[in-house]
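Residue numbers (this note's numbering), protein chains in the order written: chain A, 1 to 362; chain B, 1 to 362.
Think of the hints as simulated: they come from the structure by calculation, not from any bench. Every residue gets a Cβ at the ideal spot worked out from N, C-alpha and C, and that includes glycine. Careful: at least some of the hints might be erroneous.
Residues on chain B that point at chain A, a partial pick, calculated with CB under 8 Å [claimed, not checked]:
#1 T23
#2 V143
#3 L267
Taking lysine-lysine pairs in the DSBU-like style, the calculated list, with each CA pair at most 30 Å apart, reads [to be verified]:
#4 K149/B to K66/A
#5 K108/A to K22/B
#6 K106/B to K192/B
#7 K106/B to K134/A
#8 K66/B to K149/A
#9 K108/A to K344/B
#10 K106/A to K108/B
#11 K344/B to K149/A
#12 K22/A to K22/B
#13 K192/B to K149/A
#14 K22/B to K18/A
#15 K149/B to K18/A
#16 K37/B to K13/A
With beta-carbon atoms standing in for the labels, derived distance ranges [what the hints assert, rightly or not]:
#17 C287/A to Q345/B: 52 to 58 Å
#18 Q71/B to P264/A: 32 to 38 Å
#19 N291/B to Q20/A: 45 to 51 Å
#20 D304/A to R240/B: 31 to 37 Å
There are 2 protein chains.
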Amino acid sequence: MDIIIANNKPNAKTFLQKIQGKTPTFIATIATTETGKIPGLSAAGANPDFTDFTPPADAELLLLGKCRSIQGVPITPDGIPTPALITASALRLADIPVLIVNGGVKVKPQIPYIDVNGSPGRDIRTGDSVDNVKEVIERAKIVGEHLAKTSNYLVIGESIPGGTTTALGVLLALNINAHGKVSSTLPDNPHKLKADVVAAGLNAAAQKFGNFRGDPIKAISAVGDPMMAAVAGLVIGGSRQAPVMMAGGTQMTAVLAVINALEPNALCNVAIGTTRWVINDKSSDICGIVNQFCQVPIIAANLDFESSKYPGLKIYETGLVKEGVGAGGATIAAIAKTDGGVNKQILLKEIEHNYASLMQIK
Amino acid sequence: MDIIIANNKPNAKTFLQKIQGKTPTFIATIATTETGKIPGLSAAGANPDFTDFTPPADAELLLLGKCRSIQGVPITPDGIPTPALITASALRLADIPVLIVNGGVKVKPQIPYIDVNGSPGRDIRTGDSVDNVKEVIERAKIVGEHLAKTSNYLVIGESIPGGTTTALGVLLALNINAHGKVSSTLPDNPHKLKADVVAAGLNAAAQKFGNFRGDPIKAISAVGDPMMAAVAGLVIGGSRQAPVMMAGGTQMTAVLAVINALEPNALCNVAIGTTRWVINDKSSDICGIVNQFCQVPIIAANLDFESSKYPGLKIYETGLVKEGVGAGGATIAAIAKTDGGVNKQILLKEIEHNYASLMQIK
Numbered sequence: 001m002d003i004i005i006a007n008n009k010p011n012a013k014t015f016l017q018k019i020q021g022k023t024p025t026f027i028a029t030i031a032t033t034e035t036g037k038i039p040g041l042s043a044a045g046a047n048p049d050f051t052d053f054t055p056p057a058d059a060e061l062l063l064l065g066k067c068r069s070i071q072g073v074p075i076t077p078d079g080i081p082t083p084a085l086i087t088a089s090a091l092r093l094a095d096i097p098v099l100i101v102n103g104g105v106k107v108k109p110q111i112p113y114i115d116v117n118g119s120p121g122r123d124i125r126t127g128d129s130v131d132n133v134k135e136v137i138e139r140a141k142i143v144g145e146h147l148a149k150t151s152n153y154l155v156i157g158e159s160i161p162g163g164t165t166t167a168l169g170v171l172l173a174l175n176i177n178a179h180g181k182v183s184s185t186l187p188d189n190p191h192k193l194k195a196d197v198v199a200a201g202l203n204a205a206a207q208k209f210g211n212f213r214g215d216p217i218k219a220i221s222a223v224g225d226p227m228m229a230a231v232a233g234l235v236i237g238g239s240r241q242a243p244v245m246m247a248g249g250t251q252m253t254a255v256l257a258v259i260n261a262l263e264p265n266a267l268c269n270v271a272i273g274t275t276r277w278v279i280n281d282k283s284s285d286i287c288g289i290v291n292q293f294c295q296v297p298i299i300a301a302n303l304d305f306e307s308s309k310y311p312g313l314k315i316y317e318t319g320l321v322k323e324g325v326g327a328g329g330a331t332i333a334a335i336a337k338t339d340g341g342v343n344k345q346i347l348l349k350e351i352e353h354n355y356a357s358l359m360q361i362k
Numbered sequence: 001m002d003i004i005i006a007n008n009k010p011n012a013k014t015f016l017q018k019i020q021g022k023t024p025t026f027i028a029t030i031a032t033t034e035t036g037k038i039p040g041l042s043a044a045g046a047n048p049d050f051t052d053f054t055p056p057a058d059a060e061l062l063l064l065g066k067c068r069s070i071q072g073v074p075i076t077p078d079g080i081p082t083p084a085l086i087t088a089s090a091l092r093l094a095d096i097p098v099l100i101v102n103g104g105v106k107v108k109p110q111i112p113y114i115d116v117n118g119s120p121g122r123d124i125r126t127g128d129s130v131d132n133v134k135e136v137i138e139r140a141k142i143v144g145e146h147l148a149k150t151s152n153y154l155v156i157g158e159s160i161p162g163g164t165t166t167a168l169g170v171l172l173a174l175n176i177n178a179h180g181k182v183s184s185t186l187p188d189n190p191h192k193l194k195a196d197v198v199a200a201g202l203n204a205a206a207q208k209f210g211n212f213r214g215d216p217i218k219a220i221s222a223v224g225d226p227m228m229a230a231v232a233g234l235v236i237g238g239s240r241q242a243p244v245m246m247a248g249g250t251q252m253t254a255v256l257a258v259i260n261a262l263e264p265n266a267l268c269n270v271a272i273g274t275t276r277w278v279i280n281d282k283s284s285d286i287c288g289i290v291n292q293f294c295q296v297p298i299i300a301a302n303l304d305f306e307s308s309k310y311p312g313l314k315i316y317e318t319g320l321v322k323e324g325v326g327a328g329g330a331t332i333a334a335i336a337k338t339d340g341g342v343n344k345q346i347l348l349k350e351i352e353h354n355y356a357s358l359m360q361i362k
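This is chain A alone, in the form it adopts within the complex:
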């Protein structure tokens, strides 16, 4: 079984039928937030300042098969490689086209990208984290709608260090109980630190924005991140024309909550695609978040690195990293497009090959 259904089985099966044998367009949405630099919050970069380079380098890896903004590939402080390695391998094996949307990054990627007028996010403890949210959503809607007209469906992933903390912020701001439920790249999920950061942000934001519960634009502006605005727009616009798979872990639940508040009908054509590592994670609860407010199915790629000959990959099985850059969704899309021709064994071989080549392991 290479694809696992995590909740809402009938909806999940319907979605899987829609994408079987079909070719999507994969869209990686990159963004940065100063929130990602709070010590102890994110492992999406060798050190906090390095997180500015992770999203552009991830995007370069998807389009070029190698990074330009950095040497090698993005790694965690422990040297674990970016999940973009999984995404790039899956998309390449299944020959799935890729486009990059710049939701707002500090360091521009050295590749072509779609600009939706987003800018990098501030630390959410300011309570004033993202500019221009409404306009970014509107521009991204246009992109999503036009791309979905020629694609069988869209798969939309993200790369934004610190994104689970901003996800917690927006979920709480929208009155969804997400305490202790968001995931982490770190082996020990820093729930307490995330909750403190979000509490500081919500407190600061209350003065600027007043009551933002039920107002997702204000919620993102106050305690969210730039990825959310771009992805929400892409999904809303895209779902008018074709099915959309939101490729990510608990970060995508915050975007789902935003869409649910802005245009709930869009969710009829949407699924979340993630990894087994996320749905089996004991320190987070993606289904427990989503099931509070919608029927969107969650499906997961049964990725398994247990048998890998490389420690840097095998360690994914201990719960590090888990997901990112749409790794799970890209894998599901590759399996679906090739009617199982790409399976988890073949994919692991390709990932190992690319890993060894990029990390110059002999």
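Based on the hints, put chain B in the right spot on chain A.
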């Protein structure tokens, strides 16, 4: 007969068969060059300084059905509306998706666009007109290839005031006899002025670039414009995956010459799509340029505004404007997609409707 074949009949028929009933992605490539502000050279704006706003406003018209960067729509000094009105009407009638590529503009459009790291062009009399040509071509290749993977074919148009003069520059630099052969938005084609401007540019460039004949990157860098680099890359990348229609008049012949020098195999999957006004123009000779160096077919939309009730549209029949923003190619694509359901009468009604609404004519 709504589509006219202007040369290479067998190749043209093959190309038309390939696109019959199919849905393309339409890509409008926008750029600006200071060359467009030389008095007497271009009518793509109410006055020379206004030409900076024409490409972004054209792009907005295609995506939003109205402009944001200016009031109304771009017009010539005589008040004739932009051909983007034709393009927008054709694409809307046939429900063809649109994306904008920013080849290098001074004024950014207020819509989403694909960034390929291009910058606005300088006056070609400097002999040093465009920066970063090679990198822009490489980035645009990636975009073209990925978009063509999910599209039946691509239609690639342009909006750049002054573009026929830079076309003359690059054609001459590449040793193609184009004197007196490039088209104009103006009723009296200023061939002498264009030739003088190009001569000054080639002269200045010879000092900086040495011999650039046969080197299309240098030719664009010296006397070309930023649109050329972006479109050349899009066509080369796109044609690897699907047929490509280059939508434009004699400006596209310069891009064709660039591609012919860089990657001639790409041309097997390419056609030029333009308007009857271009192929019937007595003051230019698009076939006479193309036939010098390749077998690419030229097809034309048999647009006919003779019966229009609006003088501002009827005047297109006197030879003003003629083409731009892929008007001819978009019309051909709309006819082909709908198997003739969109024809020239239906299209004229739609154009008149949009024209009256945008110009607030009662």
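Tell me, in ascending order, the numbers of any earlier hints that this structure violates.
The structure conflicts with hints 3, 5, 9, 13 and 16, although it agrees with all the remaining ones.
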